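Sequences are here, hints too, so could you generate the full structure?
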Amino acid sequence: MSDISYNTNVPHEDEAGFGDYFALLKPRVMSLVVFTAFVGLMAAPAAVHPLVGFASILFIAVGGGASGALNMWWDADIDAVMRRTRNRPIPSGKIEAGEALGLGLALAAISVVMLWLASNVYAGAFLAFTIFFYVVIYSMWLKRSTPHNIVIGGAAGAFPPAIGWVAATGSLTVEPLLMFALIFIWTPPHFWALALFMRSDYDDAGVPMLTVTHGRRTTRVHILAYTALLAILSLGAAFSGLGGPVYLAVAVVMNLLFLHGAVKIWRRDEVASEADDFAVERRFFKLSLLYLFAHFSAILIEALLKPYGLGGWG
Amino acid sequence: MSIKVTHDLHRRRFTRNVGVGLLLVAFIVLIFGLTMVKVTSSGFMMPTSEAME
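Chains C and X, in that order, give the protein sequences. The opening residue of the first sequence carries number 1 in this note's numbering; numbering runs sequentially from there. The opening residue of the second sequence carries number 1001 in this note's numbering; numbering runs sequentially from there.
Just so you know, these hints were derived from the structure itself, not from any lab. The structure displayed is predicted, hence computed values, not measured ones. Certain hints may be false.
What the hints assert, rightly or not - Residues from chain C that keep clear of chain X, each with C-beta distances beyond 12 Å, as calculated:
(1) E15
(2) L58
(3) L101
(4) A118
(5) R144
(6) G206
(7) R217
(8) A231
(9) L235
(10) V252
(11) H260
Claimed, not checked - Quick list of the computed label-pair ranges, beta carbon to beta carbon:
(12) C:L289 x X:K1038: 34 to 40 Å
(13) C:D203 x X:P1047: 54 to 60 Å
(14) C:L229 x X:T1015: 42 to 48 Å
(15) X:R1013 x C:G309: 55 to 61 Å
Stated by the list, open to error - To list a few chain C residues with every Cβ distance to chain X over 12 Å, as calculated:
(16) F22
(17) M82
(18) F129
(19) E274
(20) A275
(21) R283
Yeah, the Cβ is synthetic: ideal placement off N, Cα and C, and Gly gets one too.
Here's what the structure looks like:
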């Protein structure tokens, strides 16, 4: 029996729609990039035309999306193994890995050139470095080779507010570096909490997360240590050009809650965690999202109050 | 037997085409807007070679 096909390029049932290509850009990560870059731009002491500001944030977001697509291209093998990621467009068969590579490279080039033209060359170069750092340094090198993957790789996610600042001012000062440091120190406890309750996922995929290489007890200790370090940094930032009474109040409340959660994680053992399906770890993970959102909202409020003589310490 | 035209596959292709079309239009509008902002800003100067002509 023979089966003749007139067109060998017949699309399969799972052909991707527009939404699948959009999912390739990791929209949830992109929303964090948009928000923090926006705060960085608004907190900067420079007047930016609203359309230039909008375009700058948009192209920083597109650059973040390009990084996401390139990451999905490179990590398709890992994503296919992990429960959390196996429905992503490439492992689910909707989009070819090569398409993701092409889309990622095209968007990376467009975003860097357009950010340069919309704002300044330093912001464009900074965005190019960020994409390189996330794709090459984190995804290709660190992620599969060291348990410090999330610590060093977290820098990529921490750059957007600093890029927003540079887009507005063309220079780097201590304030954008503080915003960078906030996200940089926040990232490890955020992802380690996720690694604790995703249990075997990273193990199955062969990703050397701290939970896999040094054990879950060590991970709990590390979460507490980084949370304490983050509290010092967060409260210290209250007395910088970013801070003010609103920021200080938010920082005190959020750090007390976050430290409380970290201590609870530190005191628990695996038996207790499994008994309630990692309820404390899951709550800590959700709280970490609120923690970052609250801090950057407070920085934004301080910046918005400044023209009325209310923001900052006077 | 009738040919079923509106298969789900066609719908997905349609969303893709409309999405790309709208993105391109939005990109053109954005470039136009940015150009207007740049050339009407107080710091705008013609490139030296063109200013000489």
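Hints versus structure:
A Cβ of chain X approaches the Cβ of E15 of chain C within 12 Å, the least distance being about 6 Å, so the stated non-interface status is violated. Non-interface call for L58 of chain C relative to chain X: violated, since the shortest CB-CB distance, roughly 8 Å, does not exceed 12 Å. Every CB of chain X lies more than 12 Å from the CB of L101 of chain C, the least distance being 18 Å, so the non-interface label holds. Non-interface call for A118 of chain C relative to chain X: violated, since the shortest CB-CB distance, roughly 6 Å, does not exceed 12 Å.
Every CB of chain X lies more than 12 Å from the CB of R144 of chain C, the least distance being 33 Å, so the non-interface label holds. At roughly 34 Å from the closest C-beta of chain X, the C-beta of G206 of chain C stays outside 12 Å, upholding its exclusion from the interface. Distance check for R217 of chain C against chain X: the nearest CB is about 48 Å away, which clears 12 Å, and the non-interface claim stands. With a least beta-carbon separation of about 41 Å from chain X, A231 of chain C lies farther than 12 Å from that chain, consistent with its non-interface assignment.
Residue placement check: L235 of chain C keeps its beta carbon more than 12 Å from all beta carbons of chain X (closest about 40 Å). At roughly 41 Å from the closest C-beta of chain X, the C-beta of V252 of chain C stays outside 12 Å, upholding its exclusion from the interface. Chain X leaves H260 of chain C outside its interface by the beta-carbon criterion, the shortest separation being 45 Å against a cut-off of 12 Å. L289 of chain C and K1038 of chain X have their C-beta atoms about 37 Å apart, which keeps the hinted 34 to 40 Å range intact.
Between D203 of chain C and P1047 of chain X the beta carbon distance is about 59 Å. The supplied range of 54 to 60 Å therefore holds. At about 46 Å, the beta-carbon gap between L229 of chain C and T1015 of chain X stays in the expected band of 42 to 48 Å. Checking the proposed 55 to 61 Å range against R1013 of chain X and G309 of chain C shows it holds: the Cβ atoms sit about 56 Å from each other. Non-interface status of F22 of chain C relative to chain X is broken: a Cβ of that chain comes within 12 Å, the nearest being about 8 Å off.
For M82 of chain C, the requirement that its beta carbon stay farther than 12 Å from each beta carbon of chain X is met, with the minimum near 26 Å. Once the 12 Å rule is applied to beta carbons, F129 of chain C is consistent with being away from chain X; the minimum gap is 23 Å. Every Cβ of chain X is farther than 12 Å from the Cβ of E274 of chain C; the closest lies at roughly 42 Å, confirming the non-interface assignment. Separation of A275 of chain C from chain X is adequate, the least Cβ-Cβ distance of about 45 Å exceeding the 12 Å criterion.
Chain X leaves R283 of chain C outside its interface by the beta-carbon criterion, the shortest separation being 37 Å against a cut-off of 12 Å.
Of the numbered hints listed earlier, those contradicted by the structure are 1, 2, 4, 16.
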